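Peer 1: Using the sequences and the accompanying hints, generate a full structural model.
Numbering (the numbering used here), first residue to last: 249 to 877.
Hints are computed from structural coordinates only; laboratory data are not their basis.
In this text the structure is predicted, and so the values were computed from the model without any measurement.
Among the clues, some could well be false.
Derived DSS-like pairs (lysine-lysine); straight-line CA-CA distance at most 30 Å [claimed, not checked]: (1) Lys494 with Lys639; (2) Lys639 with Lys602; (3) Lys541 with Lys870; (4) Lys870 with Lys565; (5) Lys652 with Lys668; (6) Lys498 with Lys566; (7) Lys610 with Lys564; (8) Lys518 with Lys408; (9) Lys758 with Lys518; (10) Lys498 with Lys750; (11) Lys729 with Lys702; (12) Lys564 with Lys847; (13) Lys726 with Lys758; (14) Lys342 with Lys408; (15) Lys545 with Lys847; (16) Lys491 with Lys613; (17) Lys652 with Lys566; (18) Lys658 with Lys498; (19) Lys545 with Lys758; (20) Lys639 with Lys344; (21) Lys540 with Lys652; (22) Lys275 with Lys344; (23) Lys639 with Lys652; (24) Lys353 with Lys275.
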Amino acid sequence: MQWHYPILLLNFFLYNELKKYIENLEKNNKKRQEKEHEEAEIIIIGKATPKQQEERTSQVVAQRNQKRMEAIEEEQEKEDKTQDDQLFVINGAKVKFGPHIGTFKVLSDTPTIQSKTVGTEIEKSPANFSFMDGFQLLSLTQWQDIGTGKYQDNLALIKKSTIMGTGKMPPANAPIESGKIEFIDSGQINEPENIDTTGMPLPSFDEQQMKYPPIVHFRPLPEWDGEFGFDWLRDEPTNVKVKREKDGKKVVENDIEPPYCETIEAFFSKSKFSEEVAVGNSNKNEAYNELKKEYVKLTLSTGKEYYVPWLTLLPKKKAVLQLVYQGDTDMDILLEYEDNYIGITPYKKKNAIKSLKDAAGKKIKTIEITAIGTFNSIQEIKVYTSLMGEKVLIGELLVLPNDKIRTISKVKLIGIKTGKEEVRFPQEQKDALERILSQAFLRVDYKELSCTLKEENIFPNNYMTSSKIVIAGEEFLKNLKEKYVQSEGDDGSILIFFVDRKATNAGTSKESVGGFTLFEIREYPMSTHDKAPSYEHSRTSVVFAENSEYTLAHEFLHCLGLGHIHRDFGGNGYLYKKQRFIFIRGANVTNIMGYSSIKKGILWSWQWRLLSPYLNEVITNKLEEKNGN
249 MQWHYPILLL NFFLYNELKK YIENLEKNNK KRQEKEHEEA EIIIIGKATP
299 KQQEERTSQV VAQRNQKRME AIEEEQEKED KTQDDQLFVI NGAKVKFGPH
349 IGTFKVLSDT PTIQSKTVGT EIEKSPANFS FMDGFQLLSL TQWQDIGTGK
399 YQDNLALIKK STIMGTGKMP PANAPIESGK IEFIDSGQIN EPENIDTTGM
449 PLPSFDEQQM KYPPIVHFRP LPEWDGEFGF DWLRDEPTNV KVKREKDGKK
499 VVENDIEPPY CETIEAFFSK SKFSEEVAVG NSNKNEAYNE LKKEYVKLTL
549 STGKEYYVPW LTLLPKKKAV LQLVYQGDTD MDILLEYEDN YIGITPYKKK
599 NAIKSLKDAA GKKIKTIEIT AIGTFNSIQE IKVYTSLMGE KVLIGELLVL
649 PNDKIRTISK VKLIGIKTGK EEVRFPQEQK DALERILSQA FLRVDYKELS
699 CTLKEENIFP NNYMTSSKIV IAGEEFLKNL KEKYVQSEGD DGSILIFFVD
749 RKATNAGTSK ESVGGFTLFE IREYPMSTHD KAPSYEHSRT SVVFAENSEY
799 TLAHEFLHCL GLGHIHRDFG GNGYLYKKQR FIFIRGANVT NIMGYSSIKK
849 GILWSWQWRL LSPYLNEVIT NKLEEKNGN
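Peer 2: Take a look at the structure:
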């Protein structure tokens with residue numbers, strides 16, 4: 249936590265300056281009185297009796313003194329108002345919205361003044377305000393004229409701070425009122441001598457949430473493995489189920505995917521170097537803030553920022569999602585979408601608005617979304633509740649148009665056999681390839697072939713250990729491609745070989761290898777780490793015997809130009825443009841292009857954009873419309 253005291257210091261100095269100012273005024277006033285007395289005597293001498301002269305002098309002096317005091321009082325009033333406007337707003341401050349008088353409540357755990365928590369710029373939900381006449385706020389904008397002092401990295405509210413909003417009285421037919429909320433009392437009794445850094449106890453999360461509309465999030469089930477495209481800003485840990493092998497048996501285990509803020513490292517910024525490479529030395533906060541721009545941001549009536557997930561569904565395909573509720577779920581929660589294009593189970597009848605409660609009044613926890621056919625515009629699935637007779641948005645999901653599918657042709661899956669046995673890619677890998685590509689609306693038109701090559705041609709001694717394990721270096725794959733082209737020719741196809749042998753890394757680690765891809769390493773002089781990978785020319789890959797169900801898809805995506813989500817070289821080296829966002833190497837993420845113990849068949853929306861020009865255009869337009877990115 250951190251906090252500052254600029255306003256308290258300002259008040260102290262203003263008081264001292266005012267004191268000096270009044271003392272000077274009194275001295276000057278005395279001089280003026282003497283001069284005015286002399287002037288009065290001059291004016292009335294010879295025209296009145298001594299008694300009349302004295303009375304006349306007193307009147308003149310009194311009038312002029314009154315004017316001087318009025319000026320002093322006016323100046324004092326201005327100074328007092330300036331100081332008052334700079335007072336911190338604390339819990340219990342009084343507000344007005346037109347004719348409605350109410351109280352301001354601080355809901356965050358902040359340091360205290362006079363044993364009351366200090367209000368900051370994040371306190372901008374209807375729950376922060378309670379009005380004596382029953383008036384209820386519906387929406388709020390952003391605070392204006394806030395202070396310069398910070399509490400927990402948030403700017404403090406001061407008495408002159410204001411915020412625009414809308415609201416209405418309880419009757420259903422009451423008109424909606426728009427206006428400005430102003431503080432009429434900061435809540436401070438007097439200027440504090442010190443600030444108590446101990447946060448006041450607050451209501452529990454559930455108690456707070458019960459006071460304003462709920463929030464509904466769309467999330468995949470823990471067992472989701474990329475059967476449909478779904479991406480959201482992972483701002484909290486996610487429970488996942490992962491398939492693993494233990495003692496030769498396949499088991500499903502529970503694991504946790506951390507939030508992005510813990511795993512992200514850097515991002516590609518073409519302005520930092522060129523259109524192709526960038527220096528990836530940004531910090532986590534910069535990278536995370538940049539990643540947030542990949543999602544439509546809403547500010548709900550609660551004041552909370554809500555990042556809308558993306559969903560891709562091929563025609564006739566389904567997605568099962570769970571609904572995560574926060575807040576008062578006893579309120580009526582309604583689902584709204586265009587049911588000519590989108591079908592949602594458990595709903596059967598067609599109507600514009602559907603309740604998220606079943607016949608027994610219990611909240612619905614999972615829904616099944618179906619793309620009824622093709623559609624050429626983004627479909628919005630919105631969640632509302634009713635507050636004082638008005639619809640309030642509390643959640644949303646965006647379904648991307650599915651009318652344009654990109655087909656990748658001229659692809660060969662080649663099983664290399666050195667004997668009589670046929671060598672084929674495992675079926676689960678081919679199924680995974682099609683499933684994962686569909687997330688970005690891609691289809692692959694591949695030919696599956698078998699090619700016989702002499703063992704001595706593809707496995708010379710320098711590419712194989714004495715125990716018949718392939719040394720999976722770059723030279724091995726170049727040699728394999730050369731021998732294949734000599735035998736079968738080259739028509740420019742993407743070539744992915746399957747060699748049914750175990751393989752080990754050609755480097756010093758000697759770790760097992762499931763597959764790898766040829767890619768160009770470009771040199772960029774005058775840098776500490778002067779290498780950046782290019783996957784543009786990665787049209788050749790190999791998969792070995794010890795692999796996962798995602799190996800073929802991982803290597804094929806390299807051939808399409810998609811990079812890893814981690815650095816391929818250490819330090820703050822250059823990042824290739826198809827990497828865009830960089831995560832910590834080995835971080836626990838489910839993305840298929842990472843190295844992780846919980847890796848699954850999942851692509852993120854910014855990767856869809858790299859793979860599909862059409863999706864890139866659609867998403868870019870939506871982001872510009874909503875966020876102005």
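Peer 1: Would you mind marking each hint as holding or not holding in the structure?
Peer 2: Hints, verified against the model:
1. Lys494 with Lys639: Violated: Lys494 and Lys639 sit about 52 Å apart, past 30 Å.
2. Lys639 with Lys602: holds (13 Å)
3. Lys541 with Lys870: Satisfied, since the Cα-Cα distance of roughly 11 Å is no more than 30 Å.
4. Lys870 with Lys565: holds (23 Å)
5. Lys652 with Lys668: Distance ~43 Å between Lys652 and Lys668 Cα, so the pair is violated.
6. Lys498 with Lys566: With a Cα-Cα distance of about 26 Å, the restraint between Lys498 and Lys566 holds, given a limit of 30 Å.
7. Lys610 with Lys564: Distance of about 29 Å is within 30 Å: holds.
8. Lys518 with Lys408: violated (42 Å)
9. Lys758 with Lys518: violated (36 Å)
10. Lys498 with Lys750: OK: Lys498 and Lys750 at ~20 Å, within 30 Å.
11. Lys729 with Lys702: This hinted pair holds, its Cα atoms lying about 13 Å apart.
12. Lys564 with Lys847: Roughly 27 Å between the alpha carbons, so the hint for Lys564 and Lys847 holds.
13. Lys726 with Lys758: holds (20 Å)
14. Lys342 with Lys408: holds (12 Å)
15. Lys545 with Lys847: At roughly 28 Å apart (the allowed maximum being 30 Å), Lys847 and Lys545 satisfy the hint.
16. Lys491 with Lys613: holds (24 Å)
17. Lys652 with Lys566: holds (18 Å)
18. Lys658 with Lys498: violated (34 Å)
19. Lys545 with Lys758: Roughly 46 Å between the alpha carbons, so the hint for Lys545 and Lys758 is violated.
20. Lys639 with Lys344: Measuring from Cα to Cα gives roughly 24 Å; hence the hint holds.
21. Lys540 with Lys652: holds (26 Å)
22. Lys275 with Lys344: violated (42 Å)
23. Lys639 with Lys652: The given pair, whose Cα atoms are some 34 Å apart, is violated under the 30 Å limit.
24. Lys353 with Lys275: Violated, at about 47 Å.
Of the hints listed earlier, those the structure fails to meet are numbers 1, 5, 8, 9, 18, 19, 22, 23 and 24, in rising order.
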